[in-house]
Amino acid sequence: MFSYYVKLAYLSCKRTWGMTLLMVCAIGLGIGASMTTITVNYLMSANPIPHKSEQLFYVQMDSWEPNNTYDDNGDAPTQLTYRDATYLWQAQKAKRQSIQSGMAAVIEPADKEVLPFMVQGRANSADFFPMFDVPFLYGSGWDHQADLKKERVIVINAELNERLFGGKDSTGQTVRMAGEDYKVTGVIDRWNPKPRFYDTSTGSFNDVEDVFVPFSLITEQKFGRSGNTNCWKPTESGFQAFLDSECIWVQLWVELPTAQDKDAYFSFMNAYAKEQHQYGRFARTDNNKLRDVMQWLEYAEVVSDDASMMMAMSLMFLLVCLLNTVGLLLAKFLGKASEIGVRQALGASRNDLFIQHLIESGCIGLAGGLLGLILALLGLEAIKAMYGDWIRDLAQLDFTLVAMAIGLAIVSALLAGLYPTWRACQVQPSVQLKSQ
Amino acid sequence: MLELVARLELGPMFRALMRNKIGALLIALQIALTLTIMVNAIFMMQERSQQMARASGLDETNTFYLSNTVFAQNYNLKTGLQQDLQRIRQTPGVVDATQINAIPLSGGGWSMGLQTKPGDDIEGTGTAVYMVDEHGINALGVELIAGENFQNSDIGWREEGSTKWPPKTIISQALAEALFEGDWKNALGKTVYIENHQPVQIIGIIKTLQAPWNGWNGVERSMLVPQQLDNKGSRFFIRTEPGRRDELMPLIEKMLAESDRGRIIRNVTSMEQTRDKSYQEHQATNTILLTVIIVLTLITGFGIVGLAMFSINRRTRQIGTRRALGASQWQVMRYFMLENLLISFAGVILGAAGAVGLNIWLVATFSMSPLSPVLLVIGVVALLIVGQLAVSYPALVASKISPATATRGRA
Numbered sequence: 001m002f003s004y005y006v007k008l009a010y011l012s013c014k015r016t017w018g019m020t021l022l023m024v025c026a027i028g029l030g031i032g033a034s035m036t037t038i039t040v041n042y043l044m045s046a047n048p049i050p051h052k053s054e055q056l057f058y059v060q061m062d063s064w065e066p067n068n069t070y071d072d073n074g075d076a077p078t079q080l081t082y083r084d085a086t087y088l089w090q091a092q093k094a095k096r097q098s099i100q101s102g103m104a105a106v107i108e109p110a111d112k113e114v115l116p117f118m119v120q121g122r123a124n125s126a127d128f129f130p131m132f133d134v135p136f137l138y139g140s141g142w143d144h145q146a147d148l149k150k151e152r153v154i155v156i157n158a159e160l161n162e163r164l165f166g167g168k169d170s171t172g173q174t175v176r177m178a179g180e181d182y183k184v185t186g187v188i189d190r191w192n193p194k195p196r197f198y199d200t201s202t203g204s205f206n207d208v209e210d211v212f213v214p215f216s217l218i219t220e221q222k223f224g225r226s227g228n229t230n231c232w233k234p235t236e237s238g239f240q241a242f243l244d245s246e247c248i249w250v251q252l253w254v255e256l257p258t259a260q261d262k263d264a265y266f267s268f269m270n271a272y273a274k275e276q277h278q279y280g281r282f283a284r285t286d287n288n289k290l291r292d293v294m295q296w297l298e299y300a301e302v303v304s305d306d307a308s309m310m311m312a313m314s315l316m317f318l319l320v321c322l323l324n325t326v327g328l329l330l331a332k333f334l335g336k337a338s339e340i341g342v343r344q345a346l347g348a349s350r351n352d353l354f355i356q357h358l359i360e361s362g363c364i365g366l367a368g369g370l371l372g373l374i375l376a377l378l379g380l381e382a383i384k385a386m387y388g389d390w391i392r393d394l395a396q397l398d399f400t401l402v403a404m405a406i407g408l409a410i411v412s413a414l415l416a417g418l419y420p421t422w423r424a425c426q427v428q429p430s431v432q433l434k435s436q
Numbered sequence: 437m438l439e440l441v442a443r444l445e446l447g448p449m450f451r452a453l454m455r456n457k458i459g460a461l462l463i464a465l466q467i468a469l470t471l472t473i474m475v476n477a478i479f480m481m482q483e484r485s486q487q488m489a490r491a492s493g494l495d496e497t498n499t500f501y502l503s504n505t506v507f508a509q510n511y512n513l514k515t516g517l518q519q520d521l522q523r524i525r526q527t528p529g530v531v532d533a534t535q536i537n538a539i540p541l542s543g544g545g546w547s548m549g550l551q552t553k554p555g556d557d558i559e560g561t562g563t564a565v566y567m568v569d570e571h572g573i574n575a576l577g578v579e580l581i582a583g584e585n586f587q588n589s590d591i592g593w594r595e596e597g598s599t600k601w602p603p604k605t606i607i608s609q610a611l612a613e614a615l616f617e618g619d620w621k622n623a624l625g626k627t628v629y630i631e632n633h634q635p636v637q638i639i640g641i642i643k644t645l646q647a648p649w650n651g652w653n654g655v656e657r658s659m660l661v662p663q664q665l666d667n668k669g670s671r672f673f674i675r676t677e678p679g680r681r682d683e684l685m686p687l688i689e690k691m692l693a694e695s696d697r698g699r700i701i702r703n704v705t706s707m708e709q710t711r712d713k714s715y716q717e718h719q720a721t722n723t724i725l726l727t728v729i730i731v732l733t734l735i736t737g738f739g740i741v742g743l744a745m746f747s748i749n750r751r752t753r754q755i756g757t758r759r760a761l762g763a764s765q766w767q768v769m770r771y772f773m774l775e776n777l778l779i780s781f782a783g784v785i786l787g788a789a790g791a792v793g794l795n796i797w798l799v800a801t802f803s804m805s806p807l808s809p810v811l812l813v814i815g816v817v818a819l820l821i822v823g824q825l826a827v828s829y830p831a832l833v834a835s836k837i838s839p840a841t842a843t844r845g846r847a
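As you go down the protein sequences, you meet chains B and H in turn.
One point on numbering: in this note's numbering, the residue at position 155 of the first sequence is 155, and numbering is uninterrupted.
One point on numbering: in this note's numbering, the residue at position 23 of the second sequence is 459, and numbering is uninterrupted.
FYI, nobody ran anything at the bench for these hints, they're computed from the structure.
None of the values given here were measured: they were computed from a predicted structure.
Check the hints yourself; a few may be wrong.
To be verified - The calculated lysine to aspartate or glutamate pairs, modelled on EDC-like cross-linking and capped at a C-alpha distance of 20 Å, are:
1. H/LYS514 - H/GLU584
2. B/LYS222 - H/GLU694
3. H/LYS713 - B/ASP306
4. H/LYS643 - H/GLU596
5. H/LYS668 - B/ASP72
6. B/LYS289 - B/GLU220
7. B/LYS384 - H/GLU717
8. B/LYS52 - B/ASP133
9. H/LYS668 - B/GLU180
10. B/LYS233 - H/ASP557
11. H/LYS713 - B/ASP389
12. H/LYS604 - H/GLU584
13. B/LYS233 - H/ASP556
14. B/LYS194 - B/ASP306
15. B/LYS95 - B/GLU65
16. B/LYS289 - B/GLU54
17. H/LYS626 - H/GLU584
18. B/LYS112 - H/GLU694
19. H/LYS553 - B/GLU65
20. B/LYS233 - B/ASP72
21. H/LYS713 - B/ASP393
22. B/LYS150 - B/GLU220
23. B/LYS93 - B/ASP143
24. B/LYS233 - H/GLU584
25. B/LYS233 - H/GLU677
Next up, chain H with everything else stripped away, as it sits in the complex:
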């Protein structure tokens, strides 16, 4: 070990560093801060990317929806709705359509609590509520993994202001797991309670269907309720054959708008647009974080280049002397590379502590989750490599200094 230290000239290198403490300290501090920021920024990006990668359960590429707002007086809402749905379903290229009260990931919707026993003082499990008819599952493109779909006879009208719930429901696997202690298969056929006392039977389970709120920790919990609303404002959710969505969106909007002038059709939006909008802030934040990481690394890298160039300029004569005394080009280069490694090492140790510290603060202030150690290790290695890459050019310049410089005066 000692032999290695002697061979790598660590002793003289350390003493030389001590003579220019401030310069070395500045680089080490820069590396430490860079690591602190980099690791936490990457971690924040990862968290967001994971959220964005979650499946909504819908056939996102082939679905869209629109709002239908009735303003005419004496408008027969029930007949109007049935006619509209029939017209949409008969349009060539449409797979299926349903009326729905809320759109997944859109930010606005209904939620209720479900409980396995009736009673006032029981805290229910929160879930998003989607009111659909027997076409709901097909129109959304969700996968039924157990039980059965609603029948046409199950579908009832929900009058405005009603608080009565129909006796059947289809729930998402995540909701089933939350209600029945992780055993979702056990949920099928069971009765649960809504509004504390009203019994509802689970007749089917769907694999995934996300709630309207992407930031909610129960986003995977949702239930389908066999009801149609006779409100003045309603939404139709439409699924098309693959590749025909963009062509059908304006077509159906026009068809509906012209078929009846007592209402307006608005917000014709595809599910893909809804997803983009839903995660717009996540996406933007990630872009900014990525830019910060890149620029920061560049600044630190160039800072290392600048300071190394300066220190080499100042030591031109010493380097020349060393060369004249028999040091090879490689030995000179190695000296500067190692010197940088030594400084970087001090920097990353300090930076690792800083990264953990910043993370603890972020966790406490912004309810983020704790950092993964693997990421920290990757960050450390990455910065050591950046340091080596940055110093390699100045080191190369140093190695090219001619031994003759020693005998000349100041360059």
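The following block holds chain B by itself, in its conformation from the complex:
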């Protein structure tokens, strides 16, 4: 019976091909536009580390001006001062803790023929690698002792390893960077979390850095810091004065496996704020925050306004396309009133007719969905071309999204077909037969 109805649907669509084409195009365009924007939003708001996102917390302490809060909502600053971050890190009160900031330096390849080049890196403590489950191709990160002893150790990514060592296991080798030799302890395998949750201050969708070095080396001033620095209090000149200043530029992540751990750590932070309050710092001692990965990404607003606005627009666009389809299907089915009358007179039940016409709507939906999928692929390509590199990984359909597109198309088409189908089944056979 099903295949017979599909055949009927095909014949009916062929007869009114103009209208059918219009409906398929409308659904296709609506689905295409929606899927394009849904994809970007879905990937922007993805959980980059799903298995432990609830155990990783971003530390915020309100060390900002006594008279003004950091932002208009009165929230705590998004980074820490060097002194607060190092204090919390040195206390080692969490299971793991990563103190970090951006850095940049010039690498001089051993091969003198190759020109020196600039790399973007991260200065972080040893826990960074196990905390964020960084996959290693060779070797591993460094240990806590290396942090404390300020050892010249380095972790590089696979791309840089390819460039410097031809892709071979380079652990134990040295890299000449910023005029000093660094010993390679490990090579990171493909790892590119999107959003790059561990640092949203310099582009939430940037690629992972080329090199990683111990944060403690920052005080040696051999390589440059990078990232955002915000100060509210004038400071004296010189690097030591800067480290002691109220400028915020350091980030701290902690791993706290249980709710008790979190509560204990939060109390520890607040106790520290109260203690500092006695020395004239931390005007607001109760404004510290401990946000987990997803809470932090939401707070940092990694999903751009443009993306959400576009999604709202495209869903409304889909609605217009569906209204269009409802109208056209209604017209089409009512135009078949006499045919329906004949079928009824020949013994087709309302149920049969209902299924027959729902199948017809479903077929149109399927065709529209396939068209929509193609349009979504084109749309995503266009987005990649127009928005540039950073969106590259956010404009890809995965299996879930493809299934969602087809599902959305069929559900929309069936919804759109429901009313016209019901109307078609209300046809009185006698009236239709008489008018012939």
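Based on these hints, arrange chain H on the given structure of chain B.
Structure of chain H alone, referenced to chain B:
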């Protein structure tokens, strides 16, 4: 009035519409949603276009910059910098060059707060800081509208990590207005305070110089500071004679790279590229919005055509009868045109309300500004025209139906 209603057959038309409520309602809803989306999308495009149209103040077509990163040990940064600048300035075709700490519109830079009185608890006016030498104004191509440029003797070295500021500055007109309650001329010669207490005298005012951040609401506020940095990373900003930029960019890159192997020259970028990159998202969003508007209008238009064709097919016999009873072709056409106008009218009224509603939501959620009523009126008129255009073909087909159809059976 009543006479007009009778003459235009509005009564029978309305009753006919009531018999096919759903069809009319669907068209009206489509038009309403189309208007809602269209007006807001155009409004969003306008906002972006206005932002993009703001002048940076620079001689954008003839300027470029590059980064100079020193890695060699024991490199004399001060001498190296002076030599580099001299080499660049002596290159034929170069108008002027300066070292600068940040590039307008590039997204990265320095900001500070200025205040008219010294003191810790005063909230300063935020401004972008550009550190340049006496060649800065000429190299950037900004216009000095009051006061004077820096002298060579004003220029000092800023050691890395220093927080000391020189005693003179040149500020943008917008910053002067922000500091002196709209009276920028009053700013000349005045002393303002940086880092809460350090006095700085305003010796000149430039017309426009945008900050590095295009989304900042203080993007027009900037200050020039007579300092040179002896950092390992520095930037040179270069202005060329008209039309010679593209030829000089690789030339100067090569010249610098070969003159000294203890550093690398990178990011050689023109100001035009920087502007394009800075507004890339704006541009892309506008393109998408425009596509949405066009496709949406087409869909709605074709939807109207489809439904009108259908209703005309169903009414072939009635139309034939009307023609047989003496209605002219024009009267038949007018009937369908008017019917569409009636439906569209209901649609645009609903749509206008929807557009305002969506705008209120957008304003609340995404800090957009409120919609201009003129745009709404334009949208309404545009959609009424689209409706009329869309229905004109089916109406024409209807008017061609022969009176003889009435006497025949179903076509």
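Hint-by-hint comparison with the structure:
no. : hint                : verdict
1   : H/LYS514 - H/GLU584 : violated (26 Å)
2   : B/LYS222 - H/GLU694 : violated (25 Å)
3   : H/LYS713 - B/ASP306 : holds (16 Å)
4   : H/LYS643 - H/GLU596 : violated (30 Å)
5   : H/LYS668 - B/ASP72  : violated (36 Å)
6   : B/LYS289 - B/GLU220 : violated (30 Å)
7   : B/LYS384 - H/GLU717 : holds (11 Å)
8   : B/LYS52 - B/ASP133  : holds (9 Å)
9   : H/LYS668 - B/GLU180 : holds (15 Å)
10  : B/LYS233 - H/ASP557 : holds (10 Å)
11  : H/LYS713 - B/ASP389 : holds (11 Å)
12  : H/LYS604 - H/GLU584 : holds (11 Å)
13  : B/LYS233 - H/ASP556 : holds (9 Å)
14  : B/LYS194 - B/ASP306 : holds (18 Å)
15  : B/LYS95 - B/GLU65   : violated (31 Å)
16  : B/LYS289 - B/GLU54  : holds (15 Å)
17  : H/LYS626 - H/GLU584 : holds (14 Å)
18  : B/LYS112 - H/GLU694 : holds (15 Å)
19  : H/LYS553 - B/GLU65  : holds (19 Å)
20  : B/LYS233 - B/ASP72  : holds (19 Å)
21  : H/LYS713 - B/ASP393 : holds (19 Å)
22  : B/LYS150 - B/GLU220 : holds (9 Å)
23  : B/LYS93 - B/ASP143  : holds (17 Å)
24  : B/LYS233 - H/GLU584 : violated (31 Å)
25  : B/LYS233 - H/GLU677 : violated (44 Å)
Hint compliance for this structure: hints 1, 2, 4, 5, 6, 15, 24, 25 are not met, and every other hint is.
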